[in-house]
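Peer 1: Sequence:
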Amino acid sequence: LESAFDPLLSILLDLCPDEAVELVIASKERRKADKHFFIKLRKHFNLVELIYPRHDEFSKQRMTLYSAIRKT
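To convert, note that position 10 of the sequence shown is 10 in the working numbering; the numbers rise steadily by one, no gaps.
Simulated from the structure, these hints should not be mistaken for laboratory data.
A virtual CB, placed ideally from N, CA and C, is assigned to each residue, including glycine.
Accuracy of the hints is not assured; some may be wrong.
Said to hold, decoys possible - Cβ pair distances, simulated, as ranges: (1) Phe58 / Asp18: 18 to 24 angstroms; (2) Leu65 / Ala20: 28 to 34 angstroms; (3) Ile69 / Asp6: 16 to 22 angstroms; (4) Pro53 / Asp6: 32 to 38 angstroms; (5) Glu29 / Pro53: 18 to 24 angstroms; (6) Leu15 / Ile51: 21 to 27 angstroms; (7) Asp56 / Asp14: 18 to 24 angstroms.
Let the sequences and hints guide you as you build the complete structure.
Peer 2: Pasting the structure below:
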């Protein structure tokens, strides 16, 4: 699956040409390789973890929501 990271990042960059677009990304941490994707993502986007109803319940399951805004 790690081979899908670069194409996915390319698609996200195409969808967000500038900081006017905000993505909401849901993530469930499964493997250490998933962290590599977020390292690449943070090079291009400002990520902020979102706090929402039932946040504690989902974070126990290693699920996270992020706001992602393209860096200028």
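Peer 1: All hints, please: hold or fail.
Peer 2: Outcome of the hint check:
| no. | hint | verdict |
| --- | --- | --- |
| 1 | Phe58 / Asp18: 18 to 24 angstroms | violated, 30 angstroms |
| 2 | Leu65 / Ala20: 28 to 34 angstroms | violated, 20 angstroms |
| 3 | Ile69 / Asp6: 16 to 22 angstroms | holds, 21 angstroms |
| 4 | Pro53 / Asp6: 32 to 38 angstroms | holds, 34 angstroms |
| 5 | Glu29 / Pro53: 18 to 24 angstroms | holds, 21 angstroms |
| 6 | Leu15 / Ile51: 21 to 27 angstroms | holds, 24 angstroms |
| 7 | Asp56 / Asp14: 18 to 24 angstroms | violated, 35 angstroms |
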